[in-house]
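Using the sequences plus the hints, can you model the full thing?
From first to last, the protein sequence lines stand for chains A and B. Just add 1 to wherever you are in the first sequence, counting from 1, and you've got my numbering. Just add 47 to wherever you are in the second sequence, counting from 1, and you've got my numbering.
No lab work stands behind these hints: they were computed from the structure. Ideal placement from N, C-alpha and C gives every residue a C-beta, glycine not left out. Any given hint could be a false lead.
For the chain B half of the interface with chain A, some residues (derived, Cβ under 8 Å), not all of them [stated by the list, open to error]:
no.	residue
1	P585
2	S593
3	V601
4	M640
If you anchor each label on the Cβ, the simulated ranges turn out as follows [as the list claims (entries may be wrong)]:
no.	chain 1	residue 1	chain 2	residue 2	range
5	B	E388	A	R125	38 to 44 Å
6	B	L295	A	R487	36 to 42 Å
7	A	D237	B	D167	40 to 46 Å
8	A	A481	B	R452	50 to 56 Å
9	A	D77	B	T108	37 to 43 Å
10	A	P490	B	L295	40 to 46 Å
11	A	R117	B	S610	37 to 43 Å
12	A	D60	B	Q597	20 to 26 Å
13	B	L295	A	S387	55 to 61 Å
14	B	G628	A	Q66	32 to 38 Å
15	A	A484	B	P387	56 to 62 Å
16	A	A481	B	L281	51 to 57 Å
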Amino acid sequence: MKEIGLLSLTRFGDLVQTSPITSGLKRRYPDARIHLIVKARFRRVAEMLPSVDAVHEIDGDALAQSMSDPETPFLDSYRMVREIVGRLREVSFDLLINFTHSRSSAVLLSLLRAKRTLGFTMDRNGVRRIDNQWLVHMGTLVRSRKLMRMNLVDMYLGAADLLGQGERLSVNIPGSARQLADSLLTGPGPFLAVQLGASQDAKTWSIDHYARTLEALRDRVNGLTAVLVGVAAERDRAEALRAACPKVRMKRLVGETSIEELAAILERCQLVLTGDTGTMHLAAAVGTKTCSVFVGLGNPYETAPYAEGHVTMHSRISCAPCSHLVRCGYPACHDDIPPEWLADVVQRLIEKRSLSSIAAPERADLLETVFDETGMLALRPVHARSPAVHDLLGLAYHRIFLEDLAGIEWSTEQIWRAAREHFGVEPETWGSLVPEDLVDVLGILESHAHKGKLLASNLAALPQSEVPGYGRQLAELDAAIYALGRAQPFAAPLCLSLEGESESLPGEELAEIAAASSANYARLARRARHLRQILEGTGNQKDRAQQLREGNS
Amino acid sequence: MTPLERNLQSLAARDPESARRVAACAPTGKVRCVRARTGASTIEVDGRLDAGLEDPEADGTSLAQHFLTRAQAAGATRLVLFGLGVHTLRFVADFSGDILVVEPRLDVARRVLEIVDLTDFLSQHSLILTGDAEVVFAHPLFTAESNGLFLSHAPTRRRHPKLHDLLAARFHPGGDAAPLDVAVIPPLYGGSLPIARATARALRQLGHHVRDLDLSPFLPAYQELLRCGSDLRLSRKAEELRAALVRLIGETLLTQFWIEPPDVVFAIAQAPLDPASLAQLGERGIVRAFWFCEDAHVMPYWSELSKSYDVFFHLQPDTLSEPLRERGVFGLPLPVGFDPEVHHPVELSEDQRARYACELSCIGAGYHNRIEFLPGLFDMGLRLYGTDWPAAEPFLSSSPEFNQRQTSESCNLIFNASSVNLNLHSSPWTDGVNPLGDYVNPRCFEVAGAGAFQLVDERRLLGTAFEIGSEIDTFRDLSECRHKIRYYWNHADERREMAGRARERALRDHTYVQRMRVAIDALRSGPSPALPKKRCTPTAGHAVQSLREQEPTVARILERLPSEMKLDQEALYLAVASGEGDLCEEERLLLFMREAMTEIQILNAAGDPA
Numbered sequence: 002m003k004e005i006g007l008l009s010l011t012r013f014g015d016l017v018q019t020s021p022i023t024s025g026l027k028r029r030y031p032d033a034r035i036h037l038i039v040k041a042r043f044r045r046v047a048e049m050l051p052s053v054d055a056v057h058e059i060d061g062d063a064l065a066q067s068m069s070d071p072e073t074p075f076l077d078s079y080r081m082v083r084e085i086v087g088r089l090r091e092v093s094f095d096l097l098i099n100f101t102h103s104r105s106s107a108v109l110l111s112l113l114r115a116k117r118t119l120g121f122t123m124d125r126n127g128v129r130r131i132d133n134q135w136l137v138h139m140g141t142l143v144r145s146r147k148l149m150r151m152n153l154v155d156m157y158l159g160a161a162d163l164l165g166q167g168e169r170l171s172v173n174i175p176g177s178a179r180q181l182a183d184s185l186l187t188g189p190g191p192f193l194a195v196q197l198g199a200s201q202d203a204k205t206w207s208i209d210h211y212a213r214t215l216e217a218l219r220d221r222v223n224g225l226t227a228v229l230v231g232v233a234a235e236r237d238r239a240e241a242l243r244a245a246c247p248k249v250r251m252k253r254l255v256g257e258t259s260i261e262e263l264a265a266i267l268e269r270c271q272l273v274l275t276g277d278t279g280t281m282h283l284a285a286a287v288g289t290k291t292c293s294v295f296v297g298l299g300n301p302y303e304t305a306p307y308a309e310g311h312v313t314m315h316s317r318i319s320c321a322p323c324s325h326l327v328r329c330g331y332p333a334c335h336d337d338i339p340p341e342w343l344a345d346v347v348q349r350l351i352e353k354r355s356l357s358s359i360a361a362p363e364r365a366d367l368l369e370t371v372f373d374e375t376g377m378l379a380l381r382p383v384h385a386r387s388p389a390v391h392d393l394l395g396l397a398y399h400r401i402f403l404e405d406l407a408g409i410e411w412s413t414e415q416i417w418r419a420a421r422e423h424f425g426v427e428p429e430t431w432g433s434l435v436p437e438d439l440v441d442v443l444g445i446l447e448s449h450a451h452k453g454k455l456l457a458s459n460l461a462a463l464p465q466s467e468v469p470g471y472g473r474q475l476a477e478l479d480a481a482i483y484a485l486g487r488a489q490p491f492a493a494p495l496c497l498s499l500e501g502e503s504e505s506l507p508g509e510e511l512a513e514i515a516a517a518s519s520a521n522y523a524r525l526a527r528r529a530r531h532l533r534q535i536l537e538g539t540g541n542q543k544d545r546a547q548q549l550r551e552g553n554s
Numbered sequence: 048m049t050p051l052e053r054n055l056q057s058l059a060a061r062d063p064e065s066a067r068r069v070a071a072c073a074p075t076g077k078v079r080c081v082r083a084r085t086g087a088s089t090i091e092v093d094g095r096l097d098a099g100l101e102d103p104e105a106d107g108t109s110l111a112q113h114f115l116t117r118a119q120a121a122g123a124t125r126l127v128l129f130g131l132g133v134h135t136l137r138f139v140a141d142f143s144g145d146i147l148v149v150e151p152r153l154d155v156a157r158r159v160l161e162i163v164d165l166t167d168f169l170s171q172h173s174l175i176l177t178g179d180a181e182v183v184f185a186h187p188l189f190t191a192e193s194n195g196l197f198l199s200h201a202p203t204r205r206r207h208p209k210l211h212d213l214l215a216a217r218f219h220p221g222g223d224a225a226p227l228d229v230a231v232i233p234p235l236y237g238g239s240l241p242i243a244r245a246t247a248r249a250l251r252q253l254g255h256h257v258r259d260l261d262l263s264p265f266l267p268a269y270q271e272l273l274r275c276g277s278d279l280r281l282s283r284k285a286e287e288l289r290a291a292l293v294r295l296i297g298e299t300l301l302t303q304f305w306i307e308p309p310d311v312v313f314a315i316a317q318a319p320l321d322p323a324s325l326a327q328l329g330e331r332g333i334v335r336a337f338w339f340c341e342d343a344h345v346m347p348y349w350s351e352l353s354k355s356y357d358v359f360f361h362l363q364p365d366t367l368s369e370p371l372r373e374r375g376v377f378g379l380p381l382p383v384g385f386d387p388e389v390h391h392p393v394e395l396s397e398d399q400r401a402r403y404a405c406e407l408s409c410i411g412a413g414y415h416n417r418i419e420f421l422p423g424l425f426d427m428g429l430r431l432y433g434t435d436w437p438a439a440e441p442f443l444s445s446s447p448e449f450n451q452r453q454t455s456e457s458c459n460l461i462f463n464a465s466s467v468n469l470n471l472h473s474s475p476w477t478d479g480v481n482p483l484g485d486y487v488n489p490r491c492f493e494v495a496g497a498g499a500f501q502l503v504d505e506r507r508l509l510g511t512a513f514e515i516g517s518e519i520d521t522f523r524d525l526s527e528c529r530h531k532i533r534y535y536w537n538h539a540d541e542r543r544e545m546a547g548r549a550r551e552r553a554l555r556d557h558t559y560v561q562r563m564r565v566a567i568d569a570l571r572s573g574p575s576p577a578l579p580k581k582r583c584t585p586t587a588g589h590a591v592q593s594l595r596e597q598e599p600t601v602a603r604i605l606e607r608l609p610s611e612m613k614l615d616q617e618a619l620y621l622a623v624a625s626g627e628g629d630l631c632e633e634e635r636l637l638l639f640m641r642e643a644m645t646e647i648q649i650l651n652a653a654g655d656p657a
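If you want it as structure tokens, here you go:
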């Protein structure tokens with residue numbers, strides 16, 4: 002393996018989150034050159050990542066301008082695209098990994114003629130494929146956000162077969178940047194870096210909330226300086242904050258620093274108060290603790306900083322986190338984090354005091370990042386509270402899927418124990434929380450899956466004339482399975498997984514497709530059975546489930 | 048030195064003759080100098096002020112700014128300004144291109160040069176003082192090929208409407224003017240519908256982005272209301288409902304234009320747009336043009352409707368030019384034409400020959416004059432095609448496809464299959480040839496374009512389109528018609544030669560492409576010049592043209608799309624999906640563009656920069 006490329010055409014934060022992969026790949030293939038393909042505006046972020054030998058940029062802004070400007074001739078845009086591809090082809094990639102969950106990146110991967118690819122790509126018929134179970138699972142994760150519990154970095158590590166090797170976020174900071182940070186942030190502090198903006202409005206906590214938090218902190222923490230960081234486009238927000246709390250001591254560095262200098266400044270601070278942002282990941286990468294407010298689209302289970310001891314919070318409102326398919330016009334979740342209470346949290350974090358005695362917020366969860374016994378990032382609630390059904394099922398699904406993805410075994414007792422630790426609930430009380438029909442639905446799913454497995458495994462041996470008929474039966478079966486997932490959202494992850502896996506069946510020969518399809522149904526049957534067993538063990542409708550099984554047999 | 052002396056000195060350096068004429072022009076009482084409250088002066092011509100008395104300088108600056116903005120938007124390097132605005136020219140002197148000012152009145156010019164110092168302007172730009180259109184036409188700046196714009200000073204336009212319209216109509220913007228986004232609004236049905244289609248095709252051939260609007264879904268409702276209207280007791284209500292339906296159609300079109308307004312709405316006669324909808328289109332800065340390709344004597348609706356349009360094209364200059372001017376409407380004669388793609392010589396197959404071949408034919412609707420005139424030719428074997436003929440003899444036995452609507456393609460076959468095509472212009476009032484007939488109907492151009500021979504009734508304007516006796520022949524009455532039919536039957540060579548000359552002339556002067564070139568020039572130089580608000584989204588056809596030589600494979604892929612299809616993400620997807628086999632390199636690159644475009648749009652919509 003000589004040339005390994007990583008396609009990461011997303012944003013600043015996503016790029017920082019790939020740092021464990023670049024370092025992990027270098028550790029595994031010490032002689033290989035690691036290439037990063039990124040958007041031009043994030044080139045300097047990419048250059049800070051560890052073990053990266055070459056950075057290739059795609060000027061997304063110029064491409065966007067060219068393709069969206071009706072005055073630019075089509076030929077110019079076409080040639081710009083061809084030139085991008087031609088430049089990237091100058092490297093003969095032995096392995097090209099694509100973690101960018103976009104169709105354009107899938108097409109690009111297929112254009113780059115790598116010897117081996119991993120991740121989102123497109124086959125020669127133009128069909129998008131995902132040739133990795135971890136990344137297929139990502140599709141389930143983004144469509145069933147309330148029930149999934151897996152950090153994006155673990156998913157990347159799993160996809161690259163680097164899970165459990167202790168890789169962490171990291172970036173290289175030049176000495177000159179550190180010197181500048183030292184010169185800018187003089188005195189004992191403490192310094193609280195504050196990142197006011199986020200990539201989308203729906204993920205951005207309001208200035209008023211930040212102002213109230215800082216105002217409350219002013220009297221509590223001696224010598225506190227709020228160091229406002231961010232990009233130039235966020236200067237207005239910084240101005241607004243200054244106007245809203247003029248007595249708070251502030252150092253305004255919004256739009257004043259390079260990315261390397263930002264990293265050094267975050268390193269110099271005691272804590273970073275932020276939303277779900279690239280700055281949050283960068284802070285984690287330089288070893289500075291963060292206190293993050295996840296609102297709107299932000300889901301701490303997916304993108305909390307990949308490091309231990311960080312604190313994050315999010316609303317428990319039923320619609321949080323937002324679906325990727327909506328643009329919220331009434332972000333009530335923003336008000337569920339009380340600023341004065343948050344000031345208390347921040348104060349304790351700066352003073353390195355325990356959070357356990359802090360009052361539990363009425364409508365939000367305060368969570369702490371830990372690496373659990375599987376070596377993956379988990380979020381532990383600071384306060385035990387009554388669980389909602391998705392809290393319990395989230396624990397169960399995580400272990401069920403992890404078994405398929407990473408071969409990590411689990412037991413029902415482990416899940417019950419986690420539920421006891423996180424929420425103080427005994428297995429017997431699960432039954433009062435989980436919907437009555439869920440066990441029934443799981444039984445039907447299992448039955449459908451067995452039928453599908455049988456049909457699919459027979460497919461390869463059929464005479465050609467009978468294949469279409471079987472195909473139709475399978476399509477009808479799939480439709481029934483997906484309909485169950487829509488009717489019972491708590492079973493949706495199982496159905497969505499089958500959908501994702503069916504879209505990326507490997508091979509072109511019928512026998513190969515049939516075998517893979519059969520394996521997908523087998524997995525669905527196993528997952529449904531496991532979840533049912535967990536629920537039955539809690540006393541949830543045990544008798545009815547038993548009756549159903551008997552009926553099926 | 049007085050301003051006049053300085054100005055004359057400056058003018059003389061470039062145009063001594065004009066300077067001499069101004070100097071020699073004795074001031075008259077018809078043009079007076081009037082001082083405004085600000086101290087600046089303006090002029091009063093024939094008792095009407097040229098500018099407001101509040102602040103004439105500000106008025107001049109504002110008009111100059113308007114001119115310069117328009118010039119910049121059009122990328123014009125050449126301006127022809129109709130009229131000397133008192134304070135305007137000072138502020139356009141710095142225009143980087145050439146300016147030609149046309150001032151028809153010497154006494155006005157003299158007064159203006161007495162009031163304001165135009166030495167900067169006169170030392171750089173051209174002024175011609177004439178009311179003779181031919182003199183203006185001959186000026187090199189009027190006829191140059193560079194990208195130009197014709198703009199007018201409103202009081203001068205008011206004083207010289209005929210000259211203005213003449214110059215505006217003849218002005219050719221030249222240069223590489225950006226294509227316009229034109230919505231062609233067809234009628235719901237009827238004889239103007241093929242003209243609407245031909246108009247759209249021609250505009251497309253000229254490189255403009257054309258929106259073909261299909262109003263046929265509204266037709267059944269309209270026809271039902273027409274049917275109801277035949278009942279006397281329901282007629283009034285049905286008429287109200289028809290008006291309501293027209294309003295609905297107008298609103299529907301407005302809705303379609305809401306997000307992406309076209310530069311021009313080009314409505315064809317009987318297009319269902321009511322004044323309220325047209326007013327809204329105007330408020331949105333859309334230039335409204337109407338092609339009234341009907342007989343103004345028969346269809347008087349032009350009188351009110353024309354006021355709702357910025358440019359009103361018509362067939363009858365003698366009838367309409369003056370009345371339109373009186374109504375303040377910018378009207379221009381624009382004859383109909385033919386589309387060589389549809390009407391052309393054709394070698395008939397055996398079947399077609401068996402079906403259509405004949406010695407004498409006539410296609411048309413059963414208007415009164417035809418019903419009266421044509422039975423006089425049935426004994427000569429006339430075959431009658433078209434609709435609305437009386438379901439009675441002798442029409443029944445002379446109509447091989449009685450009252451069936453013929454397509455443009457079948458008409459072309461009939462023209463080609465007939466030794467003599469008879470073209471009698473319609474009239475609801477006269478018994479045969481209309482003695483007052485002026486305009487030339489589409490059939491005349493179509494038969495010529497088909498390379499077929501026709502005999503046509505005399506029309507006042509026919510001689511401007513064809514050379515009578517050489518390219519076309521006419522008849523004044525039934526007797527002459529019968530005589531000439533026999534003559535040409537007996538002189539097949541003469542017939543063929545004349546038809547050949549008619550086709551040559553038609554191809555040279557009478558295609559819809561030529562008509563639309565004239566129309567677009569007029570739209571660009573009219574009182575509300577149509578300028579592209581933005582470059583149109585390129586169509587697949589445009590892209591194919593630009594790619595054919597340099598990227599032939601990509602051009603071939605895009606050729607899978609209809610040429611007028613907007614080249615957006617979906618078009619790229621369709622082009623790739625329409626191929627066969629494994630995706631080639633170019634198809635993958637196009638798919639990448641498609642996906643990237645889609646993602647950019649999604650991110651932009653979410654307020655998240657790409």
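Outcome of the hint check:
1. P585: This interface hint holds because 6 Å falls under the 8 Å limit.
2. S593: Holds: closest Cβ of chain A sits about 5 Å from S593 of chain B, inside 8 Å.
3. V601: 6 Å, holds
4. M640: 5 Å, holds
5. B:E388 to A:R125: 38 to 44 Å: Between E388 of chain B and R125 of chain A, where Cβ atoms are some 40 Å apart, the hint holds.
6. B:L295 to A:R487: 36 to 42 Å: 39 Å, holds
7. A:D237 to B:D167: 40 to 46 Å: Holds, at about 44 Å.
8. A:A481 to B:R452: 50 to 56 Å: 52 Å, holds
9. A:D77 to B:T108: 37 to 43 Å: Check passed, 39 Å falls within 37 to 43 Å.
10. A:P490 to B:L295: 40 to 46 Å: Since P490 of chain A and L295 of chain B have Cβ atoms about 43 Å apart, the given range 40 to 46 Å holds.
11. A:R117 to B:S610: 37 to 43 Å: Since R117 of chain A and S610 of chain B have Cβ atoms about 42 Å apart, the given range 37 to 43 Å holds.
12. A:D60 to B:Q597: 20 to 26 Å: 22 Å, holds
13. B:L295 to A:S387: 55 to 61 Å: Since the Cβ atoms of L295 of chain B and S387 of chain A sit about 58 Å apart, the hinted range of 55 to 61 Å holds.
14. B:G628 to A:Q66: 32 to 38 Å: 34 Å, holds
15. A:A484 to B:P387: 56 to 62 Å: 58 Å, holds
16. A:A481 to B:L281: 51 to 57 Å: 55 Å, holds
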